[in-house]
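Work the whole structure out from these sequences, hints included.
Sequence order for the protein chains is X and S.
Heads up, the first sequence is in my numbering, so the first residue is 1 and it goes up one at a time.
Heads up, the second sequence is in my numbering, so the first residue is 1 and it goes up one at a time.
Keep in mind that the hints are not guaranteed to be accurate.
[Stated by the list, open to error] No more than 25 Å apart at the CA atoms, straight line, and that leaves these computed lysine to any residue pairs for SDA-like:
| no. | chain 1 | residue 1 | chain 2 | residue 2 |
| --- | --- | --- | --- | --- |
| 1 | S | K10 | X | K132 |
| 2 | S | K10 | X | D55 |
| 3 | X | K19 | X | R104 |
| 4 | X | K113 | X | I177 |
| 5 | S | K10 | X | P151 |
| 6 | S | K10 | X | K75 |
| 7 | S | K64 | S | R4 |
| 8 | S | K64 | S | G35 |
| 9 | X | K77 | X | P99 |
| 10 | S | K64 | X | A78 |
| 11 | X | K74 | S | C62 |
| 12 | X | K75 | S | K64 |
| 13 | S | K40 | X | D55 |
| 14 | S | K10 | S | D50 |
| 15 | X | K132 | X | G10 |
| 16 | S | K10 | X | R109 |
| 17 | X | K77 | X | T153 |
| 18 | S | K40 | X | R109 |
| 19 | S | K64 | X | V111 |
| 20 | S | K10 | X | E158 |
| 21 | S | K19 | X | D179 |
| 22 | S | K53 | S | L14 |
| 23 | X | K75 | X | T219 |
| 24 | S | K10 | X | A106 |
| 25 | S | K2 | S | G35 |
| 26 | X | K116 | X | E169 |
| 27 | S | K64 | X | G96 |
| 28 | S | K64 | X | A73 |
| 29 | S | K64 | X | H22 |
| 30 | X | K113 | S | L14 |
| 31 | S | K19 | X | L70 |
| 32 | X | K74 | S | E63 |
| 33 | S | K40 | X | G10 |
| 34 | S | K53 | X | K75 |
| 35 | S | K10 | X | R65 |
| 36 | X | K132 | X | R104 |
| 37 | S | K19 | X | V111 |
| 38 | S | K10 | S | N73 |
These aren't lab readings, by the way, just hints derived from the structure by calculation.
Read off the chains here:
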Amino acid sequence: MRSAVVLFPGSNRDHDMVKALHSVTGVEPTVVWHQDASLPDVDLIVLPGGFSYGDYLRCGAIAARSPAMLDVAKKAKAGVRVLGVCNGFQILTEAGLLPGALMRNAHLRFVCKEVKLEVTNNDTDFTRAYAKGQVIRCPVAHHDGNYFADPETLARLEGEGRVAFRYAEGTNPNGSINDIAGILNEEGNVLGMMPHPENLIEALHGGLDGRGLFESVATSLAA
Amino acid sequence: MKVRVTITLKAGVLDPQGKAIEGALRGLGFAGIDGARQGKIVDLALAETDPDKARAAVADMCEKLLANTVIENYDIAILG
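Set out below in structure tokens:
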């Protein structure tokens, strides 16, 4: 599986993501600078976590208008799989590639801890390695992860099985509506999520719960 | 031409920062506060001299960048 990680000024989880992709797929991902108007032909584009542009204006707002993101939008439309984690999720909503918005955490505090995630839909290219309803561990680290969508959008997301992950066992860390932790676009090739699966990849991380996500994408490509 | 854009959260969108401000004001002893909502202001200096054209251009800027219309409203005022 060929993958690319887009690097923005202020990204800080890009190294973790590169290592995770390398570890799971055996292939070193290409790192693309946000000013590059054209991304290489890859199977998966990842927008990593961090604080692109210092979260100026709104989290992900400036990054969503960068030259690289215009090409990401084009490639997403063509069916290339796109994963946005944390700030990457914020960028995807700001770019209009995913519905809704990520607002300041309800308790107003930065949250950095481990949460439980329920695999709400395992019939997606990002979650097939998990069982439906399986609860996995996953770290979160963010200030603006409080997912919001209007009632119609929310009903569509729920009705169409586009909630991929939900905070489970009372661990919603940010006040997200319906405990939403990760959502898909209509076509199912774009996933945004606040938690960091790239940080539970090796035994040294204390668990392997995040591997399934990357393995799912790799398997979906081989199928 | 100077133009002021005021960006506020839509009605019904939870504003935890506004709530915190409200709580702090109450804590200071200010009475009779029925609510506090916060937002932001962007002041633009434009080469455009026609107010209608300036307004239209700024509306486009709001839609494309300055406001997230999923959660925010914007108001444009020509300051002269």
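K19 (chain S) paired with D179 (chain X) [C-alpha distance capped at 25 Å]:
Holds, at about 21 Å.
Distance restraint between K40 (chain S) and G10 (chain X), which requires alpha-carbon spacing of 25 Å or less:
This hinted pair holds, its Cα atoms lying about 23 Å apart.
Against the 25 Å threshold, does the CA-CA distance of K2 (chain S) and G35 (chain S) hold or violate the hint?
violated (31 Å)
With a cut-off of 25 Å on the C-alpha distance, tell me whether K10 (chain S) and D55 (chain X) pass.
This hinted pair holds, its Cα atoms lying about 21 Å apart.
Does G96 (chain X) lie within 25 Å of K64 (chain S) when you go C-alpha to C-alpha?
Cα-Cα ~10 Å, so holds.
Within a Cα-Cα threshold of 25 Å, do K10 (chain S) and E158 (chain X) meet the stated pairing?
Given that 25 Å is the threshold and the Cα spacing comes to 23 Å, the pair holds.
Hinted pair K40 (chain S) and R109 (chain X), Cα distance within 25 Å:
Given pair K40 (chain S), R109 (chain X) holds - Cα atoms ~20 Å apart, limit 25 Å.
Is the Cα-Cα distance between K40 (chain S) and D55 (chain X) 25 Å or less?
holds (14 Å)
Does the structure keep K10 (chain S) and R65 (chain X) at a Cα separation of 25 Å or less?
At roughly 23 Å apart (the allowed maximum being 25 Å), R65 (chain X) and K10 (chain S) satisfy the hint.
Could you grab the alpha-carbon distance between K64 (chain S) and G35 (chain S) and see if it respects the 25 Å cut-off?
The hint is violated at about 30 Å.
Within a Cα-Cα threshold of 25 Å, do K77 (chain X) and T153 (chain X) meet the stated pairing?
Given that 25 Å is the threshold and the Cα spacing comes to 20 Å, the pair holds.
25 Å limit on alpha-carbon distance, applied to hinted pair K64 (chain S) and R4 (chain S):
Given pair K64 (chain S), R4 (chain S) holds - Cα atoms ~16 Å apart, limit 25 Å.
The structure is inconsistent with the numbered hints 1, 3, 6, 8, 14, 15, 19, 22, 25, 29, 31, 34, 36, although it conforms to all the rest.
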